[in-house]
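There are 2 protein chains.
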Amino acid sequence: MAETVKDISAALLIIGDEILSGRTKDANLSYLAVWLNEIGIQLAEVRVVPDIENEIAAAVNALRLKFDYLFTTGGIGPTHDDITVDSVAAAFEVPVVVHPEAYRRMLEYYGEENFTDARKRMTRVPKGAELIDNPVSIAPGIRIDNVFIMAGVPKIMQSMLEGIRPHLKTGRKVWTSSLTVHAPESKIAEGLGKIQDDYPQTSIGSYPFYGQGYGANIVIRSADKDAIDGAMGAVMNMCDAMGFEMDHPTTLS
Amino acid sequence: MAETVKDISAALLIIGDEILSGRTKDANLSYLAVWLNEIGIQLAEVRVVPDIENEIAAAVNALRLKFDYLFTTGGIGPTHDDITVDSVAAAFEVPVVVHPEAYRRMLEYYGEENFTDARKRMTRVPKGAELIDNPVSIAPGIRIDNVFIMAGVPKIMQSMLEGIRPHLKTGRKVWTSSLTVHAPESKIAEGLGKIQDDYPQTSIGSYPFYGQGYGANIVIRSADKDAIDGAMGAVMNMCDAMGFEMDHPTTLS
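Those protein sequences? They're chains A and B, same order as listed. According to the UniProt record's numbering, the stretch in the first sequence is residues 1 to 253, in order. According to the UniProt record's numbering, the stretch in the second sequence is residues 1 to 253, in order.
Each hint can be trusted.
Lysine-lysine pairs mimicking DSS-like chemistry, simulated, CA-CA at most 30 Å apart:
| hint | chain 1 | residue 1 | chain 2 | residue 2 |
| --- | --- | --- | --- | --- |
| 1 | A | LYS225 | B | LYS25 |
| 2 | B | LYS187 | A | LYS25 |
| 3 | B | LYS194 | A | LYS25 |
| 4 | A | LYS25 | B | LYS173 |
| 5 | B | LYS187 | A | LYS127 |
| 6 | B | LYS155 | A | LYS187 |
| 7 | A | LYS187 | B | LYS127 |
| 8 | B | LYS25 | A | LYS187 |
| 9 | A | LYS173 | B | LYS25 |
| 10 | B | LYS25 | A | LYS169 |
| 11 | B | LYS194 | A | LYS120 |
| 12 | A | LYS25 | B | LYS225 |
| 13 | B | LYS25 | B | LYS155 |
Sample of chain A residues facing chain B (criterion: CB under 7 Å; computed from the structure):
| hint | residue |
| --- | --- |
| 14 | GLY22 |
| 15 | VAL48 |
| 16 | ARG119 |
| 17 | GLU185 |
| 18 | GLN196 |
What the hints contain is simulated information worked out from the structure, not anything from laboratory work. Glycine is no exception: its CB is placed at the ideal position from the N, C-alpha and C atoms.
Full structure from sequences and hints, please.
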């Protein structure tokens with residue numbers, strides 16, 4: 001395996017029993033991964049933990065110290081099982097306080113009468129935190145240090161990301177080129193390994209598929225476009241020489 | 001948040017750059033979660049790590065010591081980026097050896113001529129490991145201690161699980177009952193919190209939705225069916241008293 005280019009790294013912490021029970025399928029991981037890559041940040045680890053404060057706090061501390069950024073999703077609603085704010089505060093060893101601007105926005109939106117205790121709960125933040133705008137449903141996300149606390153509902157999570165973008169330092173975008181080869185993966189494995197050795201600045205992955213026919217998708221990733229072109233050329237020459245058919249050739253994106 | 005019933009716990013480690021790049025969407029998490037729950041095992045944590053040996057080994061050690069079982073998916077094919085076996089061996093501090101029975105099966109299937117070095121790679125296991133049958137594509141999964149190493153291709157992963165089933169001790173199945181309430185989540189939040197306090201042997205989750213209308217899905221989980229019935233009855237009474245419409249009522253599964 002080649003060194004993966006990762007100038008700027010991020011982790012995602014998905015908080016929620018509903019994902020671990022299999023009841024809800026996470027839709028945020030792949031969206032965030034692609035979104036981050038567009039601005040030159042590599043998603044380098046993901047964890048899913050249950051709605052248990054010390055589990056969340058331990059994961060927050062492990063990930064915020066290991067990577068440039070940590071994004072969390074889930075657990076910031078009004079109900080008793082929404083404990084992300086308390087857990088992140090515990091991780092940072094700071095108290096939970098009401099954020100005046102969050103309070104103002106929610107009060108303005110709901111009015112005195114409908115500003116229930118449950119909704120007031122959504123104005124709480126770890127002390128020292130800033131707000132992340134929520135154009136969809138007002139109740140804000142939260143930033144503290146390098147941790148971005150977002151909603152789990154995909155539409156809201158995605159809208160919060162746009163507010164986060166200006167706060168992120170961006171790195172070199174990693175380009176991807178892919179090719180479908182109609183061959184048993186094991187027939188091209190040795191050659192692929194050699195090409196990987198020849199192009200250490202790329203990361204070459206091979207992902208077999210079965211179903212309607214079989215074969216492997218070859219994916220080459222690198223911040224260096226020329227290296228990708230060189231490695232992909234070598235893969236195509238190899239497959240051609242071995243008489244294997246290829247599809248969907250080299251699209252750089 | 002109530003204590004979640006989890007007599008027997010498991011973790012899933014998803015190995016693969018293709019998931020972290022967002023290119024491939026994982027399909028194994030929710031399948032495994034539901035499959036495990038059917039036999040009374042709770043999926044309690046999930047991690048996704050890149051194809052880097054020391055990252056994989058560190059996650060294997062953290063998770064195998066913390067939970068009753070660890071399942072891994074991905075990275076056991078014939079190519080250079082398939083390093084799960086080496087990484088798990090490193091975690092257990094044992095060498096990698098060829099498993100004679102894996103060798104015999106692969107040789108029988110492919111024949112002398114087509115048994116390439118790449119395919120021979122798939123007969124390697126951490127020393128002391130046992131095989132997990134692969135009815136789909138022969139190359140076996142691997143069991144070492146409480147760690148089950150499976151393929152990442154969903155069809156193969158699912159077939160391997162059936163071979164693993166007899167090796168697992170099973171616990172109390174956790175039942176789930178759910179209800180859709182057409183109300184702003186914050187209106188029912190306080191009442192839900194009280195019901196959670198009244199039924200500590202259950203875990204009550206509330207998951208808001210937006211789109212065509214809005215509301216919240218209330219999900220109650222417990223190994224105690226009667227407690228679920230009691231808690232769900234209390235939720236329905238509360239919503240009824242507040243004049244909120246309900247859908248898809250209480251299905252215990």
